[in-house]
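Produce the entire structure from the sequences given, and follow the hints as far as they go.
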Amino acid sequence: MNTLLLLALLASPAHGQQPDLAARLARRGAPPDFAQAVSQLAAEARAGGLPVEPLADKAFEGLAKGYAPDRILPVVQALVARLREGREAVVSAKLPHPPGALVAAAAEALGRGIGRAEIVEILQAAPTPTDAAVGLTVAASLAAQGIVPDDATRAVTDAYRHGHSSEDVLELPSVTSNWFAEGVGMPEVLKRIRSGGGLSFPPGLNRGTGAPPGDFPGKGPPINPPGKNKNPHHP
Amino acid sequence: MTEPRAFSSDGQRYLDGEPTETLAPAERASADRLTRAVTAYAANLRAPDARLDRVVMRRVLAEAGPTHGGAWRWLLAPRMVRVRPAVLAIAAAAVLLLWWVSARPAAAPLVPATAARVPDTVLVRFELSAPDAHEVSLAGSFNRWEAPGIPLRRSSVPGLWTVTVPLAVGEQQYLFLVDGNRWIPDPTAHAQVDDGFGRRNSVIVVGPRGVARS
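These protein sequence lines are chains P and V, in that order.
Numbering-wise (my numbering), the first sequence opens with residue 1 and increments by one.
Numbering-wise (my numbering), the second sequence opens with residue 1 and increments by one.
The hints are simulated quantities; they were obtained by calculation from the structure and are not laboratory data.
All values reported here derive from a predicted model rather than from experimental measurement.
Incorrect hints may appear among the rest.
What the hints assert, rightly or not - One side only, chain P facing chain V, incomplete, derived with CB under 8 Å:
1. 64
2. 150
3. 177
Unchecked claim - Derived EDC-like pairs: lysine to aspartate or glutamate, alpha-carbon spacing no greater than 20 Å straight-line:
4. P:65 to V:49
5. P:65 to P:44
6. P:65 to V:194
7. P:191 to P:158
8. P:65 to V:146
9. P:191 to P:151
10. P:65 to V:135
11. P:94 to P:70
12. P:65 to V:179
13. P:191 to P:150
Said to hold, decoys possible - For each label pair, taking beta carbons as the anchor points, the in silico distance ranges come out as:
14. P:66 to V:166: 21 to 29 Å
15. V:157 to P:184: 44 to 52 Å
16. V:62 to P:47: 32 to 40 Å
17. V:131 to P:66: 23 to 31 Å
All C-beta atoms, glycine included, are put in the ideal place defined by N, C-alpha and C.
And the structure:
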């Protein structure tokens, strides 16, 4: 009797789905049908080796912004497709079981115009998959700032190949933003990026308590009001 | 001759070999008879054969079954097991719980999924000039788009709203929410990107030393 009960529970259709996600969506005010549909999408994504949290976040974002469920669902479905494409790109770089953060970063990069070949290039230049995820995120951010994807990719791969750390690479978008704020035009920004100008320090020196690229306080966590950070390393 | 069913306290002391002067003659005679009978019985007792232990153990082992393959036979032999139904139900629940724990996904870290980062947190200050606003808040990947989100406070500069938030190193997408119904991008962000819904999200990449913005 108990065995039958156990087997019945194991065979329950709820198994393998995302009751947790459905509940979280419901708490955000999602209608049950929509929560169930997203949960089902997430379960299928997980089965395909894709990270689930980007899908949950996109659904949360849509709900927070007040979009109707039938407007949100296609966006989540499109994200599943992009995550799948991102995973394929990563796997093609001989990473058969990529971590979710790396797949998510690759998908985000694809969405901002970074091509598959460039993704593979960053994966090959980065010392670890974690660094590769950071590199992809930075390249995607540079691309969003208007840097040509090829240059954005090269800025990241050159940094890693010259021994810079992910901490250094993460400074690139702030440095580029400073250049734009100072009125530097895109041609000059591209020139600086191509010559490694976003990384003002030799590898290994641009970390810890050393002088950062921005005008940050020397002690404690930096607080950065807009318009206050001027790059002292601007030539 | 019928012996008494019980002896008096004097009779019990007499049987134990203690001297007593007040024991009734009839009870003394009865005690003497019993003592003689016990002595006679004990005289006929013989010590057990020295091989008794071996004989008994051989028989016990023979009834328990052969020792070769004993564990395997023990496992396969049909047995009657008594189990309380409640115990069986608890065991089934435990198995189910173990299965569920192993099958469910690992708890997701409370970090935005779009951000790949080294583990670090940095304080970042956000500002928005909104002179006509009654309330301003901040929501984004860092709080999983939980609206209304993190409230900004009026600064000493008229019309300026500010808040300082600890953010994980990496990329963050966000927007300001004005008066609970208007989503406003941050003009000082590193970039504005398509949110998938036809609008734009603000993007910053938080480095280990903070964020420099325009």
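Hints, one by one, checked against the model:
1. 64: OK, holds: residue 64 of chain P within 8 Å of chain V, min 4 Å.
2. 150: 18 Å, violated
3. 177: 5 Å, holds
4. P:65 to V:49: 96 Å, violated
5. P:65 to P:44: Roughly 26 Å separates the two Cα atoms, so the pair is violated.
6. P:65 to V:194: 14 Å, holds
7. P:191 to P:158: 14 Å, holds
8. P:65 to V:146: The hint holds at about 10 Å.
9. P:191 to P:151: 9 Å, holds
10. P:65 to V:135: Cα-Cα ~17 Å, so holds.
11. P:94 to P:70: At roughly 37 Å apart (the allowed maximum being 20 Å), residue 70 of chain P and residue 94 of chain P break the hint.
12. P:65 to V:179: 13 Å, holds
13. P:191 to P:150: At roughly 13 Å apart (the allowed maximum being 20 Å), residue 150 of chain P and residue 191 of chain P satisfy the hint.
14. P:66 to V:166: 21 to 29 Å: Holds, since residue 66 of chain P and residue 166 of chain V (Cβ atoms, about 28 Å apart) stay within the stated range.
15. V:157 to P:184: 44 to 52 Å: For residue 157 of chain V and residue 184 of chain P the Cβ distance comes to about 28 Å; the hint is violated.
16. V:62 to P:47: 32 to 40 Å: At roughly 59 Å between Cβ atoms, residue 47 of chain P and residue 62 of chain V fall outside 32 to 40 Å, so the hint is violated.
17. V:131 to P:66: 23 to 31 Å: Roughly 25 Å apart at Cβ, these two residues keep to the hinted range, so it holds.
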